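First to last, the sequence lines map onto chains A and R.
Per my numbering, residue 3 is the first one in the first sequence, and the count goes up by one each step.
Per my numbering, residue 3 is the first one in the second sequence, and the count goes up by one each step.
Hints are computed from structural coordinates only; laboratory data are not their basis.
Since this is a predicted model, take the numbers as computed values, not measurements.
Cβ atoms here follow ideal geometry from the backbone N, Cα and C, with glycine treated the same way.
Among the clues, some could well be false.
To be verified - Derived DEER-like restraints, expressed as beta-carbon distance ranges:
1) R:L280 / A:Q328: 41 to 47 Å
2) R:D173 / A:A312: 46 to 52 Å
3) R:H56 / A:L280: 41 to 47 Å
4) A:E237 / R:A179: 33 to 39 Å
To be verified - In silico lysine to any residue, SDA-like type, Cα no more than 25 Å apart, as pairs:
5) R:K253 / A:R151
6) A:K240 / A:D279
7) A:K253 / R:K253
8) A:K253 / R:S45
9) R:K253 / A:K63
10) R:K63 / R:P46
11) R:K253 / A:I320
12) R:K253 / A:K315
13) A:K253 / R:K34
14) R:K34 / A:D266
15) R:K327 / R:T313
16) A:K315 / A:D229
17) A:K253 / A:K315
18) R:K253 / A:D229
19) R:K34 / A:R23
2 protein chains.
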Amino acid sequence: MAVVIDFKGQRRENAIPALDRMSALVAEDLVKVNQVIVNKMDSPVPLIPQLAGHIIASGGKRLRPMLTLAAAKMCGYQGDRQISLAACVEFIHTATLLHDDVVDASDLRRGADSANAVWGNQASVLVGDFLFSRAFQLMVQDGSLNVLRILSEASATIAEGEVMQLLTANDTETQEAAYFAVIRAKTAKLFAAAAEIGAVVAERPESEQEALESYGMNFGIAFQIVDDALDYSAEQAKLGKTIGDDFREGKITLPVILSWLRGDDAERVFWRRTLADLEQEDGDLEHAIALMNSHSALSDSIERARHYGATAKDSLGIFSESPVKQSMTGLVDFCIDRAY
Amino acid sequence: MAVVIDFKGQRRENAIPALDRMSALVAEDLVKVNQVIVNKMDSPVPLIPQLAGHIIASGGKRLRPMLTLAAAKMCGYQGDRQISLAACVEFIHTATLLHDDVVDASDLRRGADSANAVWGNQASVLVGDFLFSRAFQLMVQDGSLNVLRILSEASATIAEGEVMQLLTANDTETQEAAYFAVIRAKTAKLFAAAAEIGAVVAERPESEQEALESYGMNFGIAFQIVDDALDYSAEQAKLGKTIGDDFREGKITLPVILSWLRGDDAERVFWRRTLADLEQEDGDLEHAIALMNSHSALSDSIERARHYGATAKDSLGIFSESPVKQSMTGLVDFCIDRAY
């Protein structure tokens, strides 16, 4: 009987276990992190745990706190400080998501019914502020000024990155360097901080802290590139996922930048109309994807991501082999391979 | 020649110097605080210092950082930690103002042209987050976990207060206790923290830290009550100031609560229509003010403020007399007397 090897299927099979493997390795800690999250988002004002709980519950895979847990474990840490600090990382991430909602919702609300959106806006800003403050209270309880320094710097950088992103939105002449400055700040910096903290609590030498910071930074860059590419993935659309959000908002991401640089005048007229002027018609998203594919802009974006992913994995070279380390390198591949 | 004593004029004459006297006493520190503010709001992203600078420049009297400076001085502190911590307090206050703008602007934008408002919304959220993070970076530089604890708790409480305020908005049956819970959290807590920090840097005994916390808390409550009463002040309107903002938004403040409690059924129909349903017509604000005056709701609000003001001043009883202490008690009177 002939065996047909389905390359994509095989890769997926290898890839998915990477996330599961990491989850399994830090499962006990992850349960405790979730407990801290539930306890610490409590407030005498019921709307706060309601809204925060909703967002945190739907918030996905706990990727960032898992980085802290895995890094601490790889560093051989035996204590429990990683628990509350992983919760801090998730709180900061959730606060950012809530504030992003305001920024994005503002756009989407143009001309739409505003009553609910307004209420959502108000609550999102304030509950975000609350979670952000709670994160700092948790860090103060932990008592490490070093951790406080790392995460307060990360928070300031995230805000800077988001403002930079606003400034490049709808600017089709955004350079690749400007795009990388944005994603380093808004996404990768928190990945870097989350991983670095694992070495900090384990009181490992500076070289290991830097290695983990580099792992997180490069992983975060790869992660965001892939995320941005997925927003134009016909494959994702077939799976029933929404695509084209960035296109509709006129966000300038790597596939757009590469398509612009490689495109002719007529194509640039198209990009300007759709992304700068936001004058979009039926079929424009499909045409954008077709242009991207004609210039290999999506596959080359993933290649760029692979470069950063490779750097991330190499950063862990100074650590000896272990199941946790394997799960950390495997996770990088998993996040890049989800693009297929 | 007969001398006519103008009671109001005389009070104003005594009162205004209280603010000037405090400014003069901490003038040197205040200049340094402003330098820290300018330096620390800098960012490679030009929009951030532009927007933050605009808000901070127009931000008024630096009341909160002055509390830190004056408290430190009253405690005999000789160092300079109060400088950067006063800047932190102002950053947290400014971040709150920026986020309030989003919350309030969302309301005002109903049906209005949204393009500028949207841009303002996005930038306000993100620059607020940036300033908030910067405040924590400054605290980390200062290195006191105690200060970090005080200000991270204050920040979380402010957010809780703002959410509570959202929940009581348009609810004409809001109780006086709920109103006080809101203003304690959203306003008075930061006053309390600002003053307390003065004793903390001076390493004064706990009793003095508590006294200053109580001073700030009670002063902050008085301050907010007066602020809320001024929004219905015909006198303010004559001076060309905008009044009625709270009325138009359906915010339930103390003058409304007292008028509701003391009013008859017909009056409650009026309050429900204007504040719960936000169905407002020409002349409604004037009618609201007339109802308030018929129940002494405005003057009794100020009496409530005086009560908290008196408690604030008494809190400083354990400190020996000094020009700074006099300016701190004088400032309480000044803030209450501005209602006239």
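For this session: Hint by hint, work out which the structure violates, then give me just those numbers in ascending order.
Result: Result: hints 1, 2, 3, 4, 5, 6, 7, 9, 10, 11, 12, 13, 14, 17, 18, 19 break, sorted rising.
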